[in-house]
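Okay, here's what each chain looks like letter by letter:
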Amino acid sequence: MNLRIEEIGDVSCVAPVGRLDFDAAPGFQEALERVMSGAGKSPAAVIIDGTGLEYVSSAGLRAFLLAARAAQRSGISFALCALQPAVREVFELSGFSRIISVHPDRASALAQAQQGRV
Amino acid sequence: MDHPPVSSRARTARTSLTLPVVLTPVLRWADAARAKVRGLAQRLVEGRGPYARAFENLIVALVIFSIASIGVESIPRLPEWATRALRVAEIVVVAIFTFEYLLRIVAARNKFAFIFSYQGLVDLLAIAPFYLLGFDARWLRALRLLRLLRVLKLQTHFLETVVEERTRELAEKNAALEKAQAQLKAELEVARSLQLAILPAAFPARPGCEAAARMIPATTMGGDFYDYIELPDGEIGLVIADVSGHGVPAAFFMAVARTNLHELAVHHTDPGECLAHTNDALCAQNPLDLFVTVFYCVLDPKSGVLRYANGGHNPPYIRRAAGTVETLRGAGGLVLGAMSGGRYPTHTVQLLPGDRLVLFTDGVTEAFNPAEELYGAQRLADEVHVHGGGTPAALVERICQSVTNFAGTAPQSDDITLTVLTWGAP
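Protein chains in written order, with numbering that gives the first Met the number 0: chain Z, 0 to 117; chain U, 0 to 425.
These aren't lab readings, by the way, just hints derived from the structure by calculation. Note that this is a predicted model, so its numbers are computed, not measured. We put the beta carbon where it would ideally sit given N, CA and C, even for glycine. The reader is advised that the hints may include incorrect statements.
[Said to hold, decoys possible] Beta-carbon label-pair distances, calculated as ranges:
no. : chain 1 : residue 1 : chain 2 : residue 2 : range
1   : Z       : T50       : U       : A370      : 50 to 60 Å
2   : Z       : L2        : U       : K110      : 56 to 66 Å
3   : U       : R328      : Z       : L2        : 32 to 42 Å
[Said to hold, decoys possible] To spell it out: a stretch of chain Z is covered by chain U in this simulated footprint if at least three of its residues, at any positions, have a beta carbon under 8 Å from a beta carbon of chain U; those stretches are:
no. : region
4   : 49-61
5   : 95-107
Input sequences plus hints: build the corresponding full structure.
Structure, rendered in structure tokens:
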């Protein structure tokens, strides 16, 4: 699995590409931790762009859960957007969409992140 | 040539006739002697015994001495006696080096390979200048420099020792690693059989009810489980669950989740209430932040009423007696162990005689084939629709076969678990 990380103002957009399974989950989790507690100042919000995310296993869900918790502890807003249908179904069936906000696209996720700060 | 000269042919014939007769004992003796000499040579230059060590040390000492003597020799206006002593020493050193070189050739299994090996060439270069200079040709004086190559000879000796030592150390470490690995494997096997023993062996006997289940772990230890629970009033609890990840952590969490749910189910007969309590219990003892998806249902065998709650698990299928396949609604509750205080609504469905309930984990629907395609919910629903008319055991076997055939050579990435229940009026 590959990661593209983009800084938009003080919002970090992380776009995982490929399959987030048992083998890929630890690396993904570490990358999110680095984004949130980076060398400089931490971002105000982290948005996961799921456009290229093809599959999420239960170990992948755990990585999201841990990241969401870490974000909450550090006062960073955490959201997902643009999930592929199969991945969105996994988030809905597991109930994760009840505890992590999921947006249809990046624009609405960014708007929500801006609003949250005002 | 078509016709070789007669005399040559005659000589060949004579030799081949007389040689065996006269020389056989001699040749045999020579062979034995050669083997013995070779054995001795091998013991001296390749062995590990005290003689071999002494010989090795002697050679190294001589190499160091001869390198030093080359330095002393270059001092201008050396007294006559010193020059003579150095010359005698040089003859002795070269004689011993030559002896060693010949010994190594005798000892070598493949003589040609030894002569052209790094050590073989260095050994030869260390003595060659002496023999060439024996002719006292002035133009060969330059070759004296080649004697400096004895430094290389020294290096080959140390290199050999170091390599041997490292090889031995490596072999020892490998053996220790292999032993540790075998021990770990044996312990994991025990853990796996303990884990499989947690799974219920048989479905509680109730007239008209029949169930079958199967769990195929992806690694030695799985995170999936299923359970049958005998409840007060003769009801039966049915559980299917999938812990995030797999391996030893998932197996431990599975055991904790299964035990909690099994005990709480007896006190909280409402499925949703039972899941809420189990969730709180798991959140309180979850150092690794694992979670588990759980589908829990309670069947009243007398009436066929099925009450259920879903904590983040794939919604099961009901295959009606007529063959149609329905998905149980009410999915989307949060997985257990992720956040305490969650609520899980209880839903109810009426089973009719001949209906089949099919519970499964995502190891079934998310099995990949070598082309990285998913098995998918549709294939499973088709199997249930077409082959669900038989016994639960037959359907479980049928689906496992179908998934295995689909996956082909692709490695199994997740545990596969299935439970099928049929209900008929008692």
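Hint check:
no., hint, in the structure
1, Z:T50 <-> U:A370: 50 to 60 Å, "violated, 23 Å"
2, Z:L2 <-> U:K110: 56 to 66 Å, "holds, 60 Å"
3, U:R328 <-> Z:L2: 32 to 42 Å, "holds, 36 Å"
4, 49-61, "holds (count 6)"
5, 95-107, "holds (count 4)"
Checked against the numbered hints above, the structure breaks only hint 1 and satisfies the rest.
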